[in-house]
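J.: These are the residues of each chain, in order.
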Amino acid sequence: VTIADPEAFRLGVTFSSEAARAAEALAEVARQAAYGRIRLTEAETLPLEEASAAHAVLDTGHGRGKIVLLVD
Amino acid sequence: VGNRELPEPGARQVRVRAAGVNPVDGKIRSGAAQQMFPTQLPAVLGIEIAGTVDGVGLGSDGLAVGGAVLGFADGGGYAKYALATTMAPKPAGPDWAAAALPVAAETALRVLGLFEVAWGDTVLIHGAAGALGTVAVQIAVARAPPSSARPASRTTTTCASSVRRSCCMAAVWSTGSEPLRRKGSAPCSTSPVRERCRTPSSCAAERPAS
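Chains P and Z, in that order, are what the protein sequence lines are. Using my numbering, the first residue of the first sequence is number 1, and each one after it goes up by one. Using my numbering, the first residue of the second sequence is number 1, and each one after it goes up by one.
Keep in mind that the hints are not guaranteed to be accurate.
Below are the EDC-like pairs computed for lysine to aspartate or glutamate, each with C-alpha atoms no more than 20 Å apart in a straight line [claimed, not checked]:
| # | chain 1 | residue 1 | chain 2 | residue 2 |
| --- | --- | --- | --- | --- |
| 1 | Z | Lys80 | Z | Asp54 |
| 2 | Z | Lys80 | P | Glu49 |
| 3 | Z | Lys27 | P | Asp72 |
On the chain P side, residues computed to face chain Z include the following (Cβ under 7 Å) [said to hold, decoys possible]:
| # | residue |
| --- | --- |
| 4 | Val1 |
| 5 | Ala23 |
| 6 | Leu26 |
| 7 | Leu69 |
| 8 | Val71 |
If you're looking for bench data, these hints aren't it; they were derived computationally from the structure. Ideal placement from N, C-alpha and C gives every residue a C-beta, glycine not left out.
Excised from the complex, chain Z in its bound form:
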């Protein structure tokens, strides 16, 4: 643990109990992501953490010292203490491994938002066996309206295979008048949408034909 500045206004110092390891951490470490995330050494890796609030900068909202939180580390999370600005209370249920949630949640919401995913859409997610894909699928499905307003069934299917990039995942719900593109638990390789999903780059959300 090196020297750390006191929290800026709006920021908090967190006594870290767990830090999520993300692929981007490896890319920053190796230098592969230097262009996108310019990093000077020495650097502390790690962008998501869970822990307890240890110090509070001026103007921070609601999260008080001692409270359990999870969120994004501003300057490195693989450490005993970290600074963080964007945080949420950690619910009582999940253990400290909830540190794995912030990046997956943010990324899933961001990408689903790009497509304005809504009721009736079919969403195809590559690598859905991983931490992010799993959350993305569930958030997509959760955007279906409540069952009272939903005339037909909703299907979520996870791929059995976790082989990277070899599989896709469809979170499907239907208005009833639209045919489901995928139903049941057929392996992705037999899915009609599989063909659209050969490379990660071609992976896209698509609306059912009307």
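Pulled out of the complex, with its shape left as it was, chain P reads as follows:
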């Protein structure tokens, strides 16, 4: 299964994109993260005003972890 590679359609591989958003599941993962049982990659933070810079990194496809935009 892939969540990102459109080649999947040509190759007959499952492409999963339909979000199954569930508040309870999210709450559980958030609790695990708070207990330190799930560790997140360290997010790079940028101010919201630099969203375009964040997207420039995104477009390279070589970002590590996630960028989080901070809103004052």
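Got chain P sorted already, so can you dock chain Z onto it with the hints?
T.: Just chain Z, lined up with the frame of chain P:
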């Protein structure tokens, strides 16, 4: 910040403190994802946020005004205020960068669910050095039963390399009678399962041979 409607029943308005940036945001922005996510301009990007509840629509559950939350932005998260329906309380520990969690958690749970990943399975995850892969690996490992019920060791290995698509990641636990497909911290390139994982499309969860 443009005009925003009041929260629909069940929704909340959130004073955004942080918004996660996801690859899909870039694809929506560039138009590459127009077919999958039809978007009309003007549009606000951003699908995950953390912040405080600022207004509550009728029929919302438990999350009250002023509470710290994280979740999915309904109509754009790169903003000072956003509407959100699916939210969870933000635990006291993680800072606002917890905004990076909702999409990774949802995607990891969804895909692991597709495979009904269970005890004894070997899971192979591409690009596991990233935000999503890291969470997916840990959730997969967490599905092992408690150690009292687990006869053999559990191994989690992250790849040293973060080069995109070049690496895979195995979260492995064993019943003891099954040989581990991977053990220790050998680089992915030397792993026997590496061959199965050359392209992202071939990446799949697989059950150990019994």
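J.: Which hint numbers does the structure go against, in order from smallest to largest?
T.: 3
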